[in-house]
Amino acid sequence: MSEEKLLKVSELTIHYHTVEGIIKAVRNISLEVNVGDSLCIVGESGSGKSTLGLAISLSLPKNAVVVSGSILYKGRDLLKLKTSEVGRYRGKEISMIFQDPATTFNPLFTIGEHLTDILRHHFGMSREEALERAVELLKMVRLPDQARILHAYPHELSGGMLQRAAIAAALSTNPKILIADEPTTMLDVTTQAQILDLINSLKRELNLTLILITHNLGIAGEVCSRTAVMYAGTLLEEGPTEDIILNPLHPYTAKLIKAVPIITKTQGRLSHIPGVLPDLRNPPKGCPFVDRCELATPECSASQPEYFRVGGVRRVACILYGGEHE
Amino acid sequence: MPVPREYVVKRLLLLVFVVIGVLVITFVITRIIPARPEFLWAGPHATEEQLKRARQELHLDEPVHVQLYYYLLDFFRGNWGVSWRTRLPVLNDLLTALPATLELVIVAFLLASLIGIPLGIYSALRYGRIADQIIRVLTILGASVPVFWIALIFQTAIGIWAGVLPAGKRVDDYLAYITGFKPITGFYILDSIIQGNLPVFIDVLRHIIMPAFVLSIYPLSLSSRMSRSLMIEVLNENHVRSLEVWGVPQKTILFKYALRNVIVPVIASLGLSFGYTLVGAFMVELIFVWPGLGYYAGMSLLSYDYPAIIGVVILVALFYSLINLVVDLIHAWLDPRVRF
Ligand SMILES: Nc1ncnc2c1ncn2[C@@H]1O[C@H](COP(=O)(O)OP(=O)(O)OP(=O)(O)O)[C@@H](O)[C@H]1O
Ligand code: SF4
Ligand SMILES: [Mg+2]
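Chains as they are written, first to last, in the numbering used here: chain A, 1 to 326; chain B, 1 to 340.
One should not assume that every hint holds.
Computed list of lysine to any residue pairs in SDA-like fashion (alpha-carbon distance at most 20 Å, straight line) [to be verified]:
id: 1; chain 1: B; residue 1: Lys256; chain 2: A; residue 2: Phe109
id: 2; chain 1: A; residue 1: Lys62; chain 2: B; residue 2: Ile263
id: 3; chain 1: A; residue 1: Lys62; chain 2: B; residue 2: Leu235
id: 4; chain 1: B; residue 1: Lys251; chain 2: A; residue 2: Arg204
id: 5; chain 1: A; residue 1: Lys62; chain 2: B; residue 2: Glu237
id: 6; chain 1: A; residue 1: Lys82; chain 2: A; residue 2: Gln99
id: 7; chain 1: A; residue 1: Lys139; chain 2: A; residue 2: Arg204
id: 8; chain 1: B; residue 1: Lys251; chain 2: A; residue 2: Gly275
id: 9; chain 1: B; residue 1: Lys256; chain 2: A; residue 2: Leu131
id: 10; chain 1: A; residue 1: Lys176; chain 2: B; residue 2: Lys256
id: 11; chain 1: B; residue 1: Lys251; chain 2: B; residue 2: Arg126
id: 12; chain 1: B; residue 1: Lys256; chain 2: A; residue 2: Gly275
id: 13; chain 1: A; residue 1: Lys82; chain 2: B; residue 2: Leu205
id: 14; chain 1: A; residue 1: Lys285; chain 2: A; residue 2: Gly275
Part of the chain A face toward chain B, derived, beta carbon under 8 Å [to be verified]:
id: 15; residue: Ser57
id: 16; residue: Ser59
id: 17; residue: Val67
id: 18; residue: Ser84
id: 19; residue: Gly87
id: 20; residue: Phe98
id: 21; residue: Phe105
id: 22; residue: Asn106
id: 23; residue: Pro107
id: 24; residue: Leu108
id: 25; residue: Ala147
id: 26; residue: His151
id: 27; residue: His155
id: 28; residue: Gly159
No wet-lab data here; the hints were simulated from the structure.
For every residue, glycine included, the Cβ atom is placed at its ideal position computed from N, Cα and C.
Given only the sequences and the hints, what does the whole structure look like? Please build it.
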């Protein structure tokens with residue numbers, strides 16, 4: 001592969017230090033994203049999706065420790081940046097929006113105040129220039145009545161409007177990569193569809209690279225060309241979204257798809273699989289899914305299954321595919 | 001959030017009812033306590049005849065509700081009765097004492113917020129470190145040790161043993177006399193500035209700093225503890241994280257955004273601790289011989305001076321309600337989410 005990847009995550013492991021012990025939130029994850037890609041990261045609550053997203057956007061919480069691995073952005077390891085360099089990437093090259101639009105903005109400040117502070121910091125604009133640009137940005141995310149919205153406080157706007165404003169804020173710096181962490185989970189069904197449409201069309205208009213985090217395979221099907229399935233901090237399988245939905249390889253993915261009968265419905269949580277998630281303080285040595293897998297053999301608990309390539313474009317971490325070794 | 005005028009009018013009306021309620025209750029209580037105020041009025045060697053006249057002048061033989069009626073009638077004419085102890089109109093006494101107390105309380109609140117809030121924020125930013133631990137222990141102590149005890153310790157240690165600061169009073173009478181200092185507003189700091197009287201200005205500051213600091217220890221600890229926990233909480237909020245992800249510098253996030261989330265509730269609760277601080281002020285005044293309302297109230301209580309006592313209580317109730325109103329208005333002004 002001669003062409004350089006835009007983003008290359010290699011063997012990334014992240015722990016959280018808490019009073020109850022060390023939570024191994026992300027374990028040995030590798031991913032690649034090309035320019036213009038749209039990658040979905042799918043997984044149940046607690047599987048480490050947000051942690052991965054925050055690591056890429058250089059915004060991990062203070063108690064997170066990157067134990068090993070690298071995140072190469074245009075060949076540069078983001079984890080080895082000097083403090084003075086972080087500002088050139090965070091928000092600027094890679095930006096992010098979050099699950100709960102109601103808490104995304106500071107309740108004591110107007111939307112305009114947030115937007116202009118970002119613009120003034122990144123582009124050294126004057127207040128007036130920043131306000132003008134903010135109006136354009138709000139137009140870009142299809143918000144009507146921009147002047148009113150700039151002067152509005154967060155509690156005066158609906159969830160959908162706030163999520164649009166958040167997208168405007170995240171894109172105000174012209175980032176290359178947008179990470180959207182469950183951007184529609186807190187919204188009602190119609191708004192969900194509108195926000196997904198908006199993200200989709202902005203992606204095309206601005207030639208964005210999109211990483212969409214969701215626990216909903218239906219959304220993955222609508223938005224992303226490729227999908228990665230996470231479970232208990234590890235990546236179980238990855239490949240073209242269509243293949244994964246129509247022909248899941250990993251027993252966990254198969255169960256996910258069976259568990260949600262109508263996966264194209266944008267609602268429906270992935271929580272119907274029998275058994276419990278492993279304790280992330282002390283995850284199983286072998287396959288993380290072993291306790292809930294009907295096909296498990298003693299070999300599965302021995303060591304973490306390697307990735308096996310399937311059909312060239314897919315990989316899966318399950319010994320069942322041992323025949324086609326990577 | 002602009003405050004609707006009807007809301008303010010409603011609150012002011014409510015305030016009138018609160019004051020009348022307080023007045024009635026205090027009045028009835030002072031009349032129920034068995035005491036013989038006519039002795040105070042007529043003097044220790046009064047004859048039977050003089051005592052009888054005193055009882056008549058003071059309406060003491062009438063039923064309580066008739067006495068209350070006379071009192072209310074006078075009260076609304078601006079006649080709050082005559083102090084049985086000082087023999088001066090109560091309202092005059094109160095208006096003389098009020099600025100002394102207000103000056104003390106205002107300086108205490110300034111110290112509380114200007115020291116307490118930065119201290120708490122500093123503590124939060126040093127979370128778990130040694131400085132944080134020290135500040136936490138000190139502010140827990142400060143919020144739990146009784147104010148009269150601190151007052152006595154400070155007065156003894158700094159005012160008497162070390163002799164660095166005056167142990168009581170508002171100003172050195174001799175200095176005030178030779179420099180021709182005249183109280184105008186009754187706020188001595190202000191008065192000395194108006195008159196350009198630097199020696200008295202310095203002297204007044206030296207007098208007020210110790211009692212005001214003692215008085216500020218409770219609200220200071222309170223605001224520091226609150227600021228600390230609010231700051232820790234706010235830094236974990238999603239909106240701080242999103243500004244960070246969008247590349248807004250840490251300085252702006254902390255000192256523009258998060259700071260307001262901390263200051264608004266702290267100011268509100270400082271305002272609510274005003275009542276407690278006023279009680280503290282009364283004790284501080286008695287200890288530091290500070291001629292304010294507390295000192296006046298203490299003396300009046302010791303001599304069963306009913307009109308004076310009622311006057312103090314009403315004035316305090318009035319001030320307490322007013323401060324609450326002002327705090328609510330400030331809060332509404334600072335927090336766009338407040339609704340009426
Ligand atoms: N700041 C933190 N401190 C300690 N533990 C954390 C922290 N953030 C997340 N965790 C833990 O790390 C694990 C992974 O969390 P993460 O938020 O990445 O999962 P997620 O897949 O995004 O889940 P969800 O769908 O609920 O958002 C969870 O067990 C979570 O409790
Ligand atoms: S590795 Fe074993 S336990 Fe894990 S999914 Fe495959 S068969 Fe099941
Ligand atoms: Mg998450």
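Evaluation of the provided hints:
This hinted pair checks out: Lys256(B) and Phe109(A) have alpha carbons roughly 10 Å apart, not beyond 20 Å. At roughly 24 Å between alpha-carbon atoms, Lys62(A) and Ile263(B) are farther apart than 20 Å, so this suggested pair is violated. Between the alpha carbons of Lys62(A) and Leu235(B) the distance comes to roughly 11 Å, so the proposed pair stays at or under 20 Å and holds. For the hint pairing Lys251(B) with Arg204(A), the CA-to-CA distance comes to about 35 Å; that exceeds 20 Å, so the pair is violated.
Distance restraint check for Lys62(A) and Glu237(B): the Cα-Cα separation of roughly 13 Å lies within the 20 Å cut-off, and the hinted pair is therefore satisfied. Taking the CA atoms of Lys82(A) and Gln99(A), the gap is near 29 Å; set against the 20 Å cutoff, the hint is violated. For the proposed pair Lys139(A) and Arg204(A), the alpha carbon gap of about 16 Å is at most 20 Å, so the pair holds. Note on Lys251(B) and Gly275(A): the hinted pairing is violated, with a Cα-Cα distance of about 46 Å set against a maximum of 20 Å.
As the CA atoms of Lys256(B) and Leu131(A) are separated by approximately 18 Å, the hinted pair is consistent with the 20 Å bound. Of the supplied pair hints, the one linking Lys176(A) and Lys256(B) is violated, its CA atoms being roughly 28 Å apart against a limit of 20 Å. For a cut-off of 20 Å, the pair hint linking Lys251(B) to Arg126(B) stands: about 15 Å separates their Cα positions. In summary, the hint linking Lys256(B) to Gly275(A) is not supported, as the alpha carbons are separated by about 47 Å, beyond the 20 Å threshold.
For the proposed pair Lys82(A) and Leu205(B), the alpha carbon gap of about 50 Å is over 20 Å, so the pair is violated. As the CA atoms of Lys285(A) and Gly275(A) are separated by approximately 18 Å, the hinted pair is consistent with the 20 Å bound. The beta carbon of Ser57(A) is positioned within 8 Å of a beta carbon in chain B (closest approach about 5 Å), and the interface hint is therefore held. Below 8 Å, beta-carbon pairs count as interface contacts, and Ser59(A) has one with chain B at about 5 Å; its hint therefore holds.
The beta carbon of Val67(A) is not positioned within 8 Å of any beta carbon in chain B (closest approach about 22 Å), and the interface hint is therefore violated. For Ser84(A), the suggested interface contact is broken, since its CB lies about 12 Å from the closest CB of chain B, more than 8 Å. Hint status for Gly87(A) relative to chain B: holds, with the closest Cβ pair at about 6 Å, below 8 Å. Here the hint on Phe98(A) is kept, as its CB sits about 6 Å from the closest CB of chain B, short of 8 Å.
A cut of 8 Å between beta carbons decides the hint on Phe105(A): the least distance to chain B is about 6 Å, and the hint holds. Because the smallest distance between the Cβ of Asn106(A) and any Cβ of chain B comes to about 4 Å, under 8 Å, the interface hint for this residue holds. Interface restraint check for Pro107(A): the shortest CB-CB distance to chain B comes to about 6 Å, inside 8 Å, so the restraint holds. With 8 Å as the threshold, the beta carbon of Leu108(A) comes within range of chain B, its nearest partner Cβ sitting at about 5 Å, so the hint holds.
The beta carbon of Ala147(A) comes no nearer than 17 Å to any beta carbon in chain B, farther than 8 Å, and the hint placing it at the interface is violated. Checking His151(A) against chain B: minimum C-beta separation of about 11 Å lies over 8 Å; hint violated. The beta carbon of His155(A) is positioned within 8 Å of a beta carbon in chain B (closest approach about 5 Å), and the interface hint is therefore held. The restraint placing Gly159(A) at the interface with chain B is violated, with a minimum CB-CB distance near 14 Å, outside the 8 Å limit.
Hints 2, 4, 6, 8, 10, 12, 13, 17, 18, 25, 26, 28, counting from the list given before, are not met by this structure.
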